[in-house]
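**Student:** Chains as they are written, first to last, in this note's numbering: chain W, 961 to 1304; chain B, 33 to 358.
Between beta-carbon pairs, the in silico distance windows are:
id	chain 1	residue 1	chain 2	residue 2	range
1	B	Thr182	W	Arg1179	41 to 49 Å
2	B	Thr182	W	Pro1146	35 to 43 Å
3	B	Arg53	W	Met1030	51 to 59 Å
So the derived list for chain W, only partly shown, Cβ under 7 Å to chain B, looks like this:
id	residue
4	Asn1098
5	Leu1239
6	Pro1289
In the EDC-like style, the derived pairs of lysine to aspartate or glutamate whose C-alpha atoms are separated by at most 16 Å in a straight line are:
id	chain 1	residue 1	chain 2	residue 2
7	B	Lys186	B	Asp161
8	B	Lys243	B	Asp284
9	W	Lys1264	W	Asp1174
10	W	Lys992	B	Glu246
11	B	Lys47	B	Glu79
12	W	Lys1000	B	Glu246
13	B	Lys47	B	Asp81
14	B	Lys322	B	Asp334
15	W	Lys1000	B	Asp247
16	B	Lys243	W	Asp990
17	B	Lys47	B	Asp207
18	W	Lys992	B	Asp247
19	W	Lys992	B	Glu240
20	W	Lys968	W	Asp1005
21	B	Lys123	B	Asp338
22	W	Lys1050	W	Glu1084
23	B	Lys149	B	Asp175
24	B	Lys149	W	Asp990
25	B	Lys149	B	Asp189
26	B	Lys325	B	Asp221
27	W	Lys1253	B	Asp269
28	W	Lys1085	W	Asp1047
29	B	Lys145	B	Asp189
30	B	Lys186	B	Glu164
31	B	Lys145	W	Asp990
32	B	Lys145	B	Glu168
33	W	Lys1050	W	Glu977
None of these hints come from the bench; they were simulated from the model. In this text, all values refer to a predicted model and were calculated from it rather than measured experimentally. We put the CB at the ideal spot given by N, CA and C, even for glycine.
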Amino acid sequence: MRHRILSKDSLAGFLEELRAEYTVFAPRQDTKVPSKTVWKELQQDEVPDFRFVNTDMSPKHFMFPQSECMLRYEDPAAPVLAPVEHDSRKRLLLNVRPCDARALAFMDTVFCQDQRTNDAYWQEKRNRTVMVGLACNNPCPTCFCHQANSGPHDETGLDLLLVDLGNRLLAKPLTEAGKSMAAGLPDAEEEDILRGKELMQRAHEAMPPVIATDNLEHRTLLELYNLPYWKRVCETCINCGTCTFVCPTCHCFDIQDETTPDGGKGRRVRNWDFCMAPLFTLHTSGHNPRGEKAARVRQRFMHKYKYIPMRQPAEVGCVGCGRCVRLCPVNIDIRDVINAMNQG
Amino acid sequence: MMHQRTQAIRAAARKLLAQGRVDVVIGYTQGTIPLRAQPYLAYTPEECDRLIWSSFCGGNLATFASGRTDRVAVVAQGCVSRNLNGLIHEKRLRRENLYVIGVPCLGMLDQRKVETKTAGRIVATLENDPEEDMGEITVSGCDAAGECFTERLKRRDVKRDNCYTCMHRNPVIADEMVAEPVTETAGGDINAVAAPWERFDAERRWAEFTKTFEDCIRCYACRDICPLCYCTTCFTDESDPQWCGKTQDPADVQTFHILRAFHCAGRCTDCGACETACPQGIRMRRLTSKLEKDVRTLWGHDPGMDSEAEPPLATYRPDDPQEHFK
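Bound-form chain B, shown alone:
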């Protein structure tokens, strides 16, 4: 049975292309392997039959809309809609060229968590990807020794970390919605993510950070999937002058991640795409959570809620509460 969201996305996309309202619809199509969805660009009403919505739409489609000058429709859940707002604000997209097909989101699932639950065995099939929040998925496969398994997993046990603490599950801008709105927040405490870091002293923070990023292979998937990272030339790719070393020395790896995090501070919507994209399973939010909390609590800024709002780190106010800015 085709899921309701999938059906509604296809219908909306088909109509937009048939009426010539947009030139392209950016959505997802079925992945070639279980636990994956593929970003997909539909240019004709016929191509819309390939669009889907599943629990593994964990990238960020705003990335693919960024910088486009044609008329685009983007299938967007809460976090992605906030990134679209950010891109409008930063003039990477024109609102009049953008049509948002809004998807009230029930939280995406984490492929690595599913694989951990199946003890590292490769999932060959995925059944039931229900749209009920507390539903289950059924995965099956065989291990290298030929022993086969079928596991029923509760969605709530394999959700992506950021989806537990999501604050805006419904799109904040949408030209149409494909389902009834869902509860606005996922129920988790967003401030709790940063709490351990606030308790750690500087030394412990550094130790935790070092450990978290020690397996980074510098493939830059985190940067490249992120809609905030659109610099024509990234500082890591700049060669004249070269800002950042190219080696696997911890100093070079850490420089990349720290600088990237600061570039994104006050603009990050906590969409989790970086964590999903990382081939090493690095938990990027350990680096960003405190930055996000500071932006939220010091300036009351929630990135992407409004395409007019200036990100606080890009502005200066004479009445800034911090001494060193006065």
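Just chain W, same shape as in the assembly:
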């Protein structure tokens, strides 16, 4: 598909047209905590931010809300769970970083694997969401997307990719939806396309290799599972859920049934859950297969870098966004953990 050009001066008009079809969300500086970038609905006349590094929380909640009511019953005489009416608006996520779009594409393979494993709640929201990406020209020091099956200009999962050329944006349509969004824009000049490629090259070059995974494939599951290293990592891990909640590819959940005290009304809710929590694996019998903290810490990294690659060759459950590195309260750095798994 042909590259188009969008001048930042004409962005308002471009967005206005999109707004006719979609509710537009984009990363914005948080009003309460100014160091934080959050996903917000972009209001009319609001100019999108092009300088942010990435949002603190990934956009996974657009498809997989932290709490989601799945079913509800309201008739005490007939407590039959019925589907909940949901928002049907078409949504556009603007300035999604490529790592996050890649993460959502990965999550499609988790939630919607085949006809029998086809999560209607995820699928429905995915179907009414289009994503316009913003390529990273200047990856931050915690990013390692280039070593996690993604990259600063990765196109996977996006409908349109924007590359910031300064006062203009190079727009690369990637799907029919992207093509239709960019239909009214002028074609890009050859030099703009070259400039885009140059920026991609430069972004890649700015990212030194930080992890080594070459041994992970060959080492057996038990060899990795029994590494003495886990004992050291778990000493300082506080078993909070921060890394999993800010992670764009963590997807574990818990389903709870709630009723009013008289049982008259009730609902079934799906909530994010996490492998660090003891309750996550507690059996009704009282037995907990991951009762020890070390086992829970190990699970997160083994899941991402061993169990997923075993099921999906060449895939990992990580896109290198670096959020867990930045936000872990005790600075456990996944890059160190991967290297230790590779060598240890």
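Keeping the supplied structure of chain W fixed, place chain B upon it in accordance with the hints.
**Tutor:** Below, chain B without anything else, positioned relative to chain W:
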């Protein structure tokens, strides 16, 4: 140049392990990114070379000592030493198994405040982390558009909120000290933190509280970094019966925070670890400040000053001044 505190901590730790006086030293090592320090457990004299002290030792190392039965040394500033006392009182630690390497504290810095000062840009390097109270730090990095910056920031402008009003900067128990004592208080008025809440009516308090905690993602980092939160099973993780809803509904989120605050009332040392750990930048002290003030003014109790003192909310006296207890 290695900072004096770092040097002295390493020397003390090395000696303790070499002499077999303790089995482990709990301290900090350099973080993998700027504005961060990593808790670190040194088991051998060689491992002590990794220990550091910086302005970002903002967790609470008492948490990692809690419940241990081996002989531990803990690198502790004022607030952490008070938590160690609390843990001794609550029988989570035995005094004879504990060796405190005391650090007179100049106040820790707030990573989010630094990032706010750099307009949300990611700090790639941090230089100068001086140990003078009024010193400056220099941070640099580039934004997403490739524009780079270098900023010199005054420590006093980016200090953690609780460090402004700290009342006990020197350790209250220490088996040795790594530097000369510093001024005991940080100079701020601790009672002023609760003052706005005392002026608000109930409705306004609730509105402020709701707003403060609306971004909570229930990751429980605040609970898990806190040395007071050591219940084998937290009430939020109890499933039979389930005390607390699991959803993001405000009622469920608020129940967690209110109950946790009350569990900690009269035991909290205002160490600020919960605020530092929060990935959402929630200002937890808005909830705890009034509780702390009440404990201080009603019972004259300063948690953790003495490992023998009963926390007032865990005791009953027939001459309790409040009517409904008589």
